[in-house]
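Spelled out from the first residue to the last, the chains are:
There are 2 protein chains.
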Amino acid sequence: MGARGQDDGRGDVLVCDPTTETRRLIEATLASAGYRVSEAEGADACLQLISDVPPEAFVLNVSGTQFDPLGLALRVRDLAPDLPVVVLYGPDDDVLVRSLLQAGASDFMSLPVAEPLLLHLVERNVMLRSHLRAMGEKEADLEKRNRTLDDNLRVLERDQQAGFRMQQSLMPQTPYTVGGVTFSHYLRPSLILSGDFIDYFELKDGRLLFFIADVSGHGASSAFVTVLLKSLSRRLLREFDSLGFTGTASMLSWFNQELLACELEQHSTMFLAMFDESASTLQYSNAAHFPATILSSAEATDYLEIGGLPLGLYKGASYEEKVVTLPEVCSLVLFSDGVFEIMSEQTLRAKEEALLETVRCGCRDIDGLIAQLGLAEVVDAPDDIALFTVAKAG
Amino acid sequence: MGARGQDDGRGDVLVCDPTTETRRLIEATLASAGYRVSEAEGADACLQLISDVPPEAFVLNVSGTQFDPLGLALRVRDLAPDLPVVVLYGPDDDVLVRSLLQAGASDFMSLPVAEPLLLHLVERNVMLRSHLRAMGEKEADLEKRNRTLDDNLRVLERDQQAGFRMQQSLMPQTPYTVGGVTFSHYLRPSLILSGDFIDYFELKDGRLLFFIADVSGHGASSAFVTVLLKSLSRRLLREFDSLGFTGTASMLSWFNQELLACELEQHSTMFLAMFDESASTLQYSNAAHFPATILSSAEATDYLEIGGLPLGLYKGASYEEKVVTLPEVCSLVLFSDGVFEIMSEQTLRAKEEALLETVRCGCRDIDGLIAQLGLAEVVDAPDDIALFTVAKAG
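Protein chains in written order, with our numbering: chain A, 37 to 430; chain B, 37 to 430.
I should point out that these hints are in silico values taken from the structure, not numbers from a laboratory. Among the hints, a few may not be true.
[As the list claims (entries may be wrong)] Here are some chain B residues pointing at chain A (derived, C-beta under 7 Å): (1) L137; (2) H156; (3) E175; (4) N182; (5) Q196; (6) L227; (7) G255; (8) S257; (9) V263; (10) R270; (11) L296; (12) C298; (13) C397.
[As the list claims (entries may be wrong)] Restraint ranges, calculated between C-beta atoms of paired labels, are given here: (14) A:E301 - B:A429: 46 to 54 Å; (15) A:Q209 - B:S380: 47 to 55 Å; (16) B:G430 - A:L279: 56 to 64 Å; (17) A:S135 - B:A64: 21 to 29 Å.
None of the values given here were measured: they were computed from a predicted structure. A virtual CB, placed ideally from N, CA and C, is assigned to each residue, including glycine.
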């Protein structure tokens, strides 16, 4: 409908004027400005034309009509509520003008006809209508596009959330207590799916194995690899005896070899440790995981520094293995490096120091760490964030 | 800004009228309608007020002014291009009215002042301005929201596309020819990530192993399981000798047991077959995969019917195993059941028959099947669709 006016010049204007002279003048004025003018003498003819070919404006000379102009205006309003009505009136039409105002006429011009003014009034109404129409259409388009985008977004979000629920179902219970040791973890994905992964379980002989891993990148493709890590972790537990491990270093070598066999684009870090309660010793190895694990007790709080190559990149990579005797009461606090992205310190060194200080000051549980790091307030974390604590009660 | 008018009643109107009598009348009319009226006598005072407290409308009586009304109108237009100017004019102001029209005055009323008409003109301008402003703000809001939605959608799409690329990298090369056998496949995910999976490879002894799998559901969470299937498939190849398989049935049992060990919510179908070129025999087993595989040669085209439980649901599920001698030249055509969702036939039976007929009529290659099934034109496929062909050249 918006295009019709353009096709036929500047649009249709209906003129109803009983006086031949002014009617001719009005018609000539509008026609020369490019409007297609139709005319009607009586009220019924007007209404018929309005309903047949809805015009863009209606010019009504109320001076000296044979019919009731107010009655016509009211019927026009019923028929075409948005049709602008430009009223031409004489010096004695004050009362009528007032009624026509209430009947919704939009513009009034006193006779005699001043052509430029008449043209201005018609023009303004026609342009305003088309402007409002265009704005309305644009708004409707935008709203429609919004709905489509919203729908598409919801579909993908739901899909990823289903994926995240699956990821969650692969994570171990938190908190999980075995003997005097309690494991707790918290994952905060950058998008919805996470490339950080944590696992912990008790081996048949009672030793406790746990690791934190951070797959390169984040989001869906990294999350895929965490599913593989879980399946490897399960195999490690199931086939522990037959896999012939000599310690944590050989376990990382096995993870490395299995990931390489998958020929993925991603690689992964992993800090893996094994706690032997009977000897109170912790054996650990590291595949490029950063930051290092923090060991904290009443006596001291320090990073367990140990290097190593990431998993899934280098064939035959071998790993170091260290052993530390744990104090009776102590905590291990592990992070993924996404935590650095939300810290305000300027340098990596300062951030590491701040993490250590946080733990040293007694913040060794998940809730405390979330609060201390302001994780609840973080929006749009650029990388996945994982917190993992292992508390030994003594 | 839109709220200011409401706070101060219906908004500010500036009146400039040299004639005390009409000025009082105008002010009284507007004030009684709720407008806050300010007045200025000279042109400079007008401009000052307009720039100090931009009004919603400006009423200018040009009859008998001491200054040049056109000059004022032009300066007002420069200062506040959107300010509606309502001009009151006398019987001798025709030429001036024409100039003021060109200077952008919006409304004209011949003197003497008709209060209802004046009020109508001011009111309409004020309401129109606020309506246009509201529409503009709404449009800006919608556009902003659109951009946000668009950005969020892109982030998730990019993430899933990265995931899909990873999935693709796990799929075998297509087409892939080994000996006289050519494997080809095509995946059409419902969203971006796919729950359908296909793999094929040559065992050390030269036999060819291939399977099609359809993980329950679709999208990210199903795609996760395909990554596991790939890692299992790789293990099957690597550890083939040590896994002690007796045939395709024992392979499905192994897949079943490994998936169960992962304790996933998903399960998967799988049709798995092993081709022995030396004996021209195909051994195959099925874990609830549907539709059945089609074997097609010059002599006959039929489904290889064989049942079996899905993988990852039942502990100790065992599978049937069948052997068929393949004609010298033949094709195997495999689908995932997503293909049924885009077929127009009413019943499943009719769809199965139509698939068989398509293959029987010679459509046994991926491109032909894509064209025949109209896959290129499908939008919003409700389920993932996989096509897989194994062509034996003889």
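Taking the hints in turn, this is what the structure says about them:
no.: 1; hint: L137; verdict: 5 Å, holds
no.: 2; hint: H156; verdict: 5 Å, holds
no.: 3; hint: E175; verdict: 6 Å, holds
no.: 4; hint: N182; verdict: 6 Å, holds
no.: 5; hint: Q196; verdict: 5 Å, holds
no.: 6; hint: L227; verdict: 6 Å, holds
no.: 7; hint: G255; verdict: 4 Å, holds
no.: 8; hint: S257; verdict: 4 Å, holds
no.: 9; hint: V263; verdict: 5 Å, holds
no.: 10; hint: R270; verdict: 6 Å, holds
no.: 11; hint: L296; verdict: 10 Å, violated
no.: 12; hint: C298; verdict: 5 Å, holds
no.: 13; hint: C397; verdict: 36 Å, violated
no.: 14; hint: A:E301 - B:A429: 46 to 54 Å; verdict: 34 Å, violated
no.: 15; hint: A:Q209 - B:S380: 47 to 55 Å; verdict: 49 Å, holds
no.: 16; hint: B:G430 - A:L279: 56 to 64 Å; verdict: 45 Å, violated
no.: 17; hint: A:S135 - B:A64: 21 to 29 Å; verdict: 22 Å, holds
Hints 11, 13, 14, 16 from the list above are not met by this structure, while the remaining hints are.
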